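Trainee: Here are the chains, one letter per residue:
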Amino acid sequence: MTAEAEVLSLKNIHMAFGGVVAIQDFSLDLRAGEIVALVGDNGAGKSTLIKIVSGVYTPTSGTIRLGGETTSFADASSARSKGIEVVYQDLALADQQPVYMNMFLGRELTKPPFGLLDKARMRQESQTLVDELDVRIPSASSTIRDLSGGQRQGIAIARATHWASKLILLDEPTAALGVAETARVEELIANLKAKNLAILIISHSLDQVFKLSDRICVLRRGEQIGIRETAKTDKNEIVSMITGVA
Amino acid sequence: MVVYIGFLAIFLFFAATLYDDGFLTQRNLTNIVLQTAPATIMAIGLVFALSAGEIDLSFGSIVAVAALSAAVAMQSFGLAVGVIAGLGAGVAIGALNGVLVAYLKLPSFLVTLATMGLFAGIARSMTDLRSIPVMNETFTGLFGSGKLFSIPSLVIWTVIGIGIGHLVYRHTKFGAHVLATGDNPRAAQVSGISVARVRFYVLTICGGCAGLAGLLYAGRLQAAKYTLGESDLMTVIAAVIVGGTLLNGGKGSVIGALVGSLMMGMLNNGLILMNLKVSDQMIVRGLIILLAVAVSLRDANR
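As given, the protein sequences belong to chains A and B, one line each in that order. Using the working numbering, you'd call the opening residue of the first sequence number 118 and step up by one each time. Using the working numbering, you'd call the opening residue of the second sequence number 2 and step up by one each time.
Quick caveat, the hints were computed from the structure, so don't treat them as lab data. All of these numbers come straight from a predicted model, not from anything done at the bench. Where a beta carbon is used, it is the ideal one built from N, C-alpha and C, also for glycine. It cannot be assumed that every hint is accurate.
Pulled a few chain B residues facing chain A out of the computed Cβ check, cut under 8 Å [unchecked claim]: (1) E138; (2) G142; (3) T173; (4) A177; (5) L180; (6) R187; (7) A188; (8) V191; (9) S192; (10) G193; (11) A197; (12) L248.
Using the sequences and the hints, build the whole thing.
Mentor: This is the structure we're talking about:
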């Protein structure tokens, strides 16, 4: 891989809350069109790392480079404006609003001359987007609460895809889904690679990690245990890295 | 929607039973609209507050303080200062509620319960319980008995209020942010919406609407008194809920609130024409509101 393709580069990230070290010396390069899985037990530091990358936390030390340039995020909005989108575990959807309003939540389209909402355009762009990603919903005007868990997850991912220009973080994307819906969402995530975005996924399901990811990064109690190419490792190795038991 | 059916049912019932008492006369029907104008304006503000997941219980007290402020200021300084004092008092009290809720993170139910009592007391002490006459004819014309192209000014205020309210609620970014905040504050926050600012604004809008309602009362009655707005709390909340706005936020309707408000006005009017005692009116009204709210909420949950 060339340096140009490197989307996000974390180098020697260190994060401490008071005296408690949450992340120590974490380094990872993410490339465009690549899915990296972040695995580790509860309390390993995955959520902290997600929050650092999405701009919620500022690391105690270490450098973040985005598209080759050193950067820092003042807050989540600043990370978002730099092309990083997060699909939260709770999806962050407004249940009683239509799909298209969720797709443009906080970034609604308006039309001149009075700056009123351009609902027609939001509806149409949302429809194009869900069609393109093959998220099967009755229509872009459907209310979120009338959709299934898998459809909601699909909307949240479609929204992230629409706004992300560099990186998508997926936090436990299928934790709440049934078997068939999980398969649909996994298919959707695999298709995102074609969009040339970097994808960082947190998952507890090793089956899923092995199915989707190109590389696997293991954390244990804030420490980076190692990164493996998915094709060159197996579940036993990853499990022993996660647990520390050989 | 339920509110239209309820509206029609009550209308038909009174039209049939009170035909001989003059319910259907143009004069009586116009009167209903004129009498409901202040409540309708308050209801618009409340739609915004409830949709954002907040509540305002203090608007009745704000009405009294605003009307008295306008009346007192007008005595010494004339029309413009009076209007500004009335609206300003409403906006200022609303903003106070807003700061306490949005930035000090206190629950709006408790904040506005407290300010309701606080400003009810201030309204009483402002003029020592006295009623202040409003003599300025431009004012009473503008906010009360006046007409433009033979349309009563109170009807014009209602139409303007509902028009602007509906437009902002349904067709602006702010309206969308209000709904998102009430629906899922966390989702709104992570989407870059300033949830605190939305909460501040909806309570300020509530105060401003109550201030305007105070002017309308003072204009129509040609006097201001601490009792103004006192009895509107239940009616306005009921009108808004029956009109399809959820108490928990995320969904609502300004047009529905208008229909709900007219329905409540019609109910008051019909019960008076039926010659019921005041105590019986209160009982019947309470029961009908209970029924109406129950039916609307069943409908909303489906």
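Trainee: Please go over all the hints and tell whether each is borne out by the structure.
Mentor: Verification of the hints:
Below 8 Å, beta-carbon pairs count as interface contacts, and B/E138 has none with chain A, the closest being about 36 Å; its hint is therefore violated. Evaluation of the B/G142 hint against chain A yields a violated restraint, the C-beta minimum of about 31 Å exceeding 8 Å. Annotation: B/T173 was flagged as interfacial toward chain A, and the flag holds, the nearest CB pair being 6 Å apart, inside 8 Å. Restraint check, B/A177 versus chain A: the minimum CB separation of about 5 Å is within 8 Å; hint holds.
Contact between B/L180 and chain A, as hinted, is supported at the beta carbon level, the nearest pair being about 6 Å apart and thus within 8 Å. Taking 8 Å as the C-beta contact cut-off toward chain A, the hint placing B/R187 at the interface holds, the least distance being around 6 Å. Because the beta carbon of B/A188 sits about 4 Å from the nearest beta carbon in chain A, less than 8 Å, this interface hint is met. Because the smallest distance between the Cβ of B/V191 and any Cβ of chain A comes to about 5 Å, under 8 Å, the interface hint for this residue holds.
The closest approach between the C-beta of B/S192 and any C-beta of chain A is roughly 3 Å, which is under the 8 Å cut-off, so the hint is satisfied. Checking B/G193 against chain A by beta carbon gives a least distance of about 4 Å; that is within 8 Å, so the hint holds. Because the beta carbon of B/A197 sits about 14 Å from the nearest beta carbon in chain A, more than 8 Å, this interface hint is broken. Checking B/L248 against chain A: minimum C-beta separation of about 13 Å lies over 8 Å; hint violated.
Going through the hint list in order, the structure does not satisfy hints 1, 2, 11, 12.
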